[in-house]
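Residue strings, one per chain:
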Amino acid sequence: MRNWIEKQRYIIDFTISSLLRRKVKNFGLLALYTLIVFILASTMFFTYAIKKEASLILKGAPEIVVQKIVAGRHDLFPASYIETIKSIRGVASVESRLWGYYYDSLVSANYTLLTPPSSDAAKPSAKTTVVESESGGQSARPLYELNGAVLEPGTLIIGNGVARLRNIGKDDYMPFRAFDGKVMNFRIAGVLSSQSELVSSDLMLITGEDFRKLFGIDQSHVTDLTVAVNNPSEVEMVASKIKKHLPDARPIIRDEILRTYDSIFNWRGGMMIVIFSAAVLAFVIFAWDKASGLSAGERREIGILKAVGWETSDVIQMKFWEGAVVSLTAFFSGVILAYVHVFFTGSIVFEPALKGWSSLYPNFELTPFVNLEQLTTLFFLTVVPYTVATIVPIWRAATIDPDSAMRFTGE
Amino acid sequence: MILHPTVIANLLAAYIGSGMVLYAVFYGVQILRHWDIQSGHELQLVLERKTYLISTLLSYVFGLQLLSLFLYIFTADSLTPLFVGAMCAAGTLNVDGFGYPTLVLKIFSFILAGLWLVLNYADNQGYDYPLIKKKYLLLAFIAPFIILETILESAYFLNMEADVITSCCGSLFSSERVTGIGSEIASMPALPMMWIFYSAMSGTLLCGIFFYLKGLGGYLYAALSLLMFLVSLVSIVSFISLYIYELPTHHCPFCIIMEDYSYIGYLLYMLLFGAVVSGLGVGALLPFRQVESLQAMLGGFIRKLALASVILYAAFTALVSYEIVSSSLVIAYEVVY
Chain A
92 MRNWIEKQRY
102 IIDFTISSLL
112 RRKVKNFGLL
122 ALYTLIVFIL
132 ASTMFFTYAI
142 KKEASLILKG
152 APEIVVQKIV
162 AGRHDLFPAS
172 YIETIKSIRG
182 VASVESRLWG
192 YYYDSLVSAN
202 YTLLTPPSSD
212 AAKPSAKTTV
222 VESESGGQSA
232 RPLYELNGAV
242 LEPGTLIIGN
252 GVARLRNIGK
262 DDYMPFRAFD
272 GKVMNFRIAG
282 VLSSQSELVS
292 SDLMLITGED
302 FRKLFGIDQS
312 HVTDLTVAVN
322 NPSEVEMVAS
332 KIKKHLPDAR
342 PIIRDEILRT
352 YDSIFNWRGG
362 MMIVIFSAAV
372 LAFVIFAWDK
382 ASGLSAGERR
392 EIGILKAVGW
402 ETSDVIQMKF
412 WEGAVVSLTA
422 FFSGVILAYV
432 HVFFTGSIVF
442 EPALKGWSSL
452 YPNFELTPFV
462 NLEQLTTLFF
472 LTVVPYTVAT
482 IVPIWRAATI
492 DPDSAMRFTG
502 E
Chain B
71 MILHPTVIAN
81 LLAAYIGSGM
91 VLYAVFYGVQ
101 ILRHWDIQSG
111 HELQLVLERK
121 TYLISTLLSY
131 VFGLQLLSLF
141 LYIFTADSLT
151 PLFVGAMCAA
161 GTLNVDGFGY
171 PTLVLKIFSF
181 ILAGLWLVLN
191 YADNQGYDYP
201 LIKKKYLLLA
211 FIAPFIILET
221 ILESAYFLNM
231 EADVITSCCG
241 SLFSSERVTG
251 IGSEIASMPA
261 LPMMWIFYSA
271 MSGTLLCGIF
281 FYLKGLGGYL
291 YAALSLLMFL
301 VSLVSIVSFI
311 SLYIYELPTH
321 HCPFCIIMED
331 YSYIGYLLYM
341 LLFGAVVSGL
351 GVGALLPFRQ
361 VESLQAMLGG
371 FIRKLALASV
381 ILYAAFTALV
391 SYEIVSSSLV
401 IAYEVVY
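Protein chains in written order, with our numbering: chain A, 92 to 502; chain B, 71 to 407.
Worth flagging that the hints you see were computed from the coordinates, not collected in a lab.
Remember, it's a predicted structure, so these values are computed and weren't measured experimentally.
Every residue gets a Cβ at the ideal spot worked out from N, C-alpha and C, and that includes glycine.
It is possible that part of the hints are untrue.
[Claimed, not checked] Covered stretches of chain A (in silico footprint by chain B; criterion: 3 or more residues with CB under 8 Å from a CB of chain B, positions within the stretch not fixed): (1) 354–365; (2) 396–409; (3) 484–490.
With the hints as extra help, turn the sequences into a complete structure.
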């Protein structure tokens, strides 16, 4: 065993010095390899971090959301349905929600207007009110944080993105055009904290009365309902009962939202990788070419090695270590660069492609999230193809006869 | 199909692996047909060189096979949230009929590839390639399994459909699933299984040590090590996992390789795979002890293999015992559900 380790050490030693002797050729390969790893790693880190973020936020979402569907489209929800749902066994509480979008033609952006659950607005003394569903537990992110602001009729609490876009802050006024064309002026009572900006960037909190006045919704309707269920294993049953009692309702379970988000981000990430696979393929061809196009010097070197007693398997081992050194250096530097790129510089290169477009952009920093799965996947997508592409050229180089190798290069 | 980066990586590994095996088999068949060590013909020289290529290829395939076995389970686990009722890899593998067969084939072909490498190593020790025909016969035997595995794996991933929200309501009601996917794994009762595991293990270890010292009962040890491998797998499902999860109802053999259990499963499975490959290697090499060019070294190599297998099994048992002793779970009576 000891001998074996010593032998490998000498071979690695020899390999590294021979790599350093041909700096330009090897650094070119290394740079390209690193770039490929960097691109793929950035894509993966970004999608996984966003997925993680979304799942943390959704953990705090209500168990069931019930909407009304008319002709296949989302419609206002009749308040009279609430009692029917409350009477279903297993339902802990039913909360109605008022929310909608408002298009601001001045800055051509859509705002999300939301009436916070009644309990929050009635807590003027709290310094920071964290609005979070109880079922979320410790790990869930708060949907938004009121920095001590109090929501009164005639006021708004706005998200960071809105504040930035319109360049307004606390105690400024913001005009809205109501459904009937009248202008309504709201005072800004506060700005939401920036921690939850990924979801609250375009958010505006408004009182229920103002919301109804702004959009012309009468008291007998709400936007949709959230239903809390005590026992998690009963959620599906409750949802199917809602569907049975109210055929025009559309219950959506939290798990389904999670699943759908997961699929979307998986798909985006996978799509990017399929696109980049062309680049990986080009790189593999390049690596193949590099490995098979031995220079005269290299041929002579292998010839001399074999002449002084190296066996074919030793040369293959040397080449294996060469590949390992190059691959691991490129892999780790690519991964580290991608980590810096995604989590410290906000992935400047890919942001537009992966995030989608909007004039109201959230500014947020992703929480670093890297696991073994991502690294293994990356390894399979980069190192494995490289290694395979070089096997045959390596073998070809290793089986050169010493005499022909040396004679060939005597030109 | 689910276009997940890890799924792409899995399929890529499978295609590359079977591509390499096909390439190797192509030359393997030529070697089987035309090999003649006495001949100085050009073809013979080419074939002698090709053996280096094939053994390099297959060591890569072997490594790839081991990595992709774990990646496969990892993928199944990370796809869990996409399916109704799936709690972990056990449920995801059950999404369609191809999940578990692929897994079984992966383990099977991994062991065969390991045996091939053992045979290859022994063959390279002799100056006249004494085992070359057997080696390539074995390769021709392995290849269809690896190809079949690739086909099944593709079918598994391509057939997957995530349960996402549909436009009328949640997918739950539209697709009329009877129940969720059964993510429970049937298992043997824990306490009797524990007895079986420990008595079988001590028998195997004793037999291995006896073989190492006296050189007798090699075939018995090879058979026992294969049996022990199966017993260990059943034991993991039956009681080892319970102690690791500290939960008397969770029998999953896959969750132990996850981060939540500090990746302990990798160590367990590696020890187990290493033990069975070297143990079976003993049986595979025994018939060739009388071959002239191998006589000098083969006996020593077989004994080393047996020792390695015994040590790996012992380490596995030690690790399992440590997990059981340090676990806060105490199984006083059987939980029936």
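We went through each hint and held it up to the structure:
no. : hint    : in the structure
1   : 354–365 : holds (count 8)
2   : 396–409 : holds (count 3)
3   : 484–490 : holds (count 4)
Checked against the numbered hints given earlier, the structure satisfies every one of them.
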